[in-house]
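K.L.:
Chains as they are written, first to last, in the working numbering: chain A, 13 to 393; chain B, 4 to 246.
Any given hint might turn out to be false.
Covered, in the sense of this in silico footprint (three residues per stretch, anywhere, with C-beta under 8 Å from a C-beta of chain A), are these stretches of chain B [unchecked claim]:
#1 129 to 142
#2 146 to 154
#3 194 to 203
Sample of chain A residues facing chain B (criterion: CB under 7 Å; computed from the structure) [unchecked claim]:
#4 V50
#5 T65
#6 A288
Read the hints as simulated data drawn from the structure, not as lab findings. Every residue, glycine too, gets a C-beta built ideally from N, C-alpha and C.
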Amino acid sequence: MFRVIARPAFWVPLAAVVALAALVYRLGWWQQFSVQVVLWQGKLYRELVEAMTALHQAPTLTTWGVLLGVSFGYGVFHAAGPGHGKVVLSTYLASQGGAWRRALGLSVLASLLQGVMAIAIISVLVFGLGWLTRQAMGSIDQAELVSFVVVSLVGLWLCVRSLRRLYVLERLPQASSASTEGQGSAAVPFTANAGSTLTPMARSTAAASISFSPSPVRPLAPSRAETPHHAHGTGCGCGHDHHIDPHTASDWRVALITVLSIGIRPCSGAVLLLGAAALLDQFGKGVVAVLAMSLGTSLTVSSLALLSVFARDWVKRHLKPAKRPHVWQGWIGLLGGTLILAFGLSLTAAQWQQGGSSAPPMLGTPPSPSAKSGGLGPLGG
Amino acid sequence: MPAFASFMDVFMDFALSSRRRLAGRLLPVLPVLLMLGLPSAALAHPHGWVDVSVEGIFDDRGELTALRQRWRMDPFYSQVVMEDMASVKDGSTMAQRLDALGVEIRDNLAKENNLTHITLDGQPVAQGKVTDTNTEYRDERLVFSFVLPLAHAQPMAGHTLRYRVYDATYYIEMLHEANADGSQPLPDALTMADAPAGCTTDIVKAKPDPEKVMEASMIDATQQTEPNIGRFFAETGEITCSG
Numbered sequence: 013m014f015r016v017i018a019r020p021a022f023w024v025p026l027a028a029v030v031a032l033a034a035l036v037y038r039l040g041w042w043q044q045f046s047v048q049v050v051l052w053q054g055k056l057y058r059e060l061v062e063a064m065t066a067l068h069q070a071p072t073l074t075t076w077g078v079l080l081g082v083s084f085g086y087g088v089f090h091a092a093g094p095g096h097g098k099v100v101l102s103t104y105l106a107s108q109g110g111a112w113r114r115a116l117g118l119s120v121l122a123s124l125l126q127g128v129m130a131i132a133i134i135s136v137l138v139f140g141l142g143w144l145t146r147q148a149m150g151s152i153d154q155a156e157l158v159s160f161v162v163v164s165l166v167g168l169w170l171c172v173r174s175l176r177r178l179y180v181l182e183r184l185p186q187a188s189s190a191s192t193e194g195q196g197s198a199a200v201p202f203t204a205n206a207g208s209t210l211t212p213m214a215r216s217t218a219a220a221s222i223s224f225s226p227s228p229v230r231p232l233a234p235s236r237a238e239t240p241h242h243a244h245g246t247g248c249g250c251g252h253d254h255h256i257d258p259h260t261a262s263d264w265r266v267a268l269i270t271v272l273s274i275g276i277r278p279c280s281g282a283v284l285l286l287g288a289a290a291l292l293d294q295f296g297k298g299v300v301a302v303l304a305m306s307l308g309t310s311l312t313v314s315s316l317a318l319l320s321v322f323a324r325d326w327v328k329r330h331l332k333p334a335k336r337p338h339v340w341q342g343w344i345g346l347l348g349g350t351l352i353l354a355f356g357l358s359l360t361a362a363q364w365q366q367g368g369s370s371a372p373p374m375l376g377t378p379p380s381p382s383a384k385s386g387g388l389g390p391l392g393g
Numbered sequence: 004m005p006a007f008a009s010f011m012d013v014f015m016d017f018a019l020s021s022r023r024r025l026a027g028r029l030l031p032v033l034p035v036l037l038m039l040g041l042p043s044a045a046l047a048h049p050h051g052w053v054d055v056s057v058e059g060i061f062d063d064r065g066e067l068t069a070l071r072q073r074w075r076m077d078p079f080y081s082q083v084v085m086e087d088m089a090s091v092k093d094g095s096t097m098a099q100r101l102d103a104l105g106v107e108i109r110d111n112l113a114k115e116n117n118l119t120h121i122t123l124d125g126q127p128v129a130q131g132k133v134t135d136t137n138t139e140y141r142d143e144r145l146v147f148s149f150v151l152p153l154a155h156a157q158p159m160a161g162h163t164l165r166y167r168v169y170d171a172t173y174y175i176e177m178l179h180e181a182n183a184d185g186s187q188p189l190p191d192a193l194t195m196a197d198a199p200a201g202c203t204t205d206i207v208k209a210k211p212d213p214e215k216v217m218e219a220s221m222i223d224a225t226q227q228t229e230p231n232i233g234r235f236f237a238e239t240g241e242i243t244c245s246g
């Protein structure tokens, strides 16, 4: 039912990328770079603290510039470290579609939201409710748990949505699927075999034909599987929304919740910076620095997001299902949703176990400073 | 004085809310991360630092008896801890609170080998109980100092003693006091008291082997354990006496 459109233009670059990656790993360049990034992160953190102190002592144009520059750089490299946000966003983009503009928008939104959350935590908890900075930092744990739960919900939602679409597609009359490419094998009774579409490769081998699809044969139905990087007709306005997508509204809702799931957990570095700035009576400067940091973060995150969109489109261009791209897209969407759901659940479970003993403090009554969260660390506790 | 926690607890809170735990949970998606080219996917990195200085103390027989250490916490942590200290409302003086803090830190550190690892000619050296703790707030930095005795006074003639001070998780970077750009340790960072003639000191910078660091961080990630890469980034202090 699926035909692989395979040509050297697909396999040669793929092989080249894989070979290059293997080489970079074998030669130890990847490891070297990783360790270098860690060293930079440590150095940038020191410089951040120093820049804040310098600005505190002498607020000149230079000290302002240094603080903004260092904050931005800290954001760039900090985002290169471990974090669930990038995984969720990349998986979402790779499996659910969306043009580069959306990838860019979502990355920037998520990064900015992280900064805004840090500002909100310090504003509300420290200034509003009179918590100590370190207690406010403890609340990141709760924000993290909420974030993981929302990630799970996003995954669940994506799964349900994909299943619903697949179900609807299965109920469609055969004719609509026949309108897509690959007329030659229309006799394959795929309606009865919907479950087996998970192994499209096997079936494509069975079809025993490799179709060099002529690009003019475009799906007539609105197709999200084909969106970016498509060949445009001459009369096309080339806005990427010229396919009327009935799911657009629901897409944007999920997209925004995805952003929320990522951004709701503030960067601990940002909270620390703001807390220290507040203690130095420099909260305003701290806010500016955190926003610069968020911009830096968004640079890294959006690069990764664009990379995953690019990779997805490239694969799609070359490896397209001969039949029913909707169904194909549905299964990919389901796979992505399942991955995000599993990821969210495992993070939630781990967080639940580790942070189980630190119940969310009652609002208005700062928790006892001696109350500790579950885990033990190297420095005691 | 249980009303406030030690700043080591503060470190812990930061540590607990940090991304380093995330590293251990990223296992299911590790291949995805690698695919995405996330360079340091499984690597923790420091979120605070301590400037360390050490003094080797000799007795009148010329044997090394202890390492006196001074740890200066970074300005941000110092701020946050001092806010905590100031919030205590039990009528104690700040000096009393700092003393109590020092006791807590000492007890916490005792569980962790005082974050100090000592060898003599490559063989591990046992430590005694920490004494003479002192905690003060000076130049906007929280300073904790203590004496770490060796379990047995150590004749040094013809021997080299090496120590390393580090947080295994690398959440806190611990380096000797250094010049402004961090390129050279200060002469004061490692000194000796009452040392016999012929004894010299040296501070050897860390040269983390990227292969080993990544290997270790992968093991941490797959076994969902705390990061254990601090050792790779630790400096080594050396005291050598001629025979």
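K.L.:
Looking back at the hints listed earlier, which ones does the structure fail to meet?
P.N.:
1, 2 and 3
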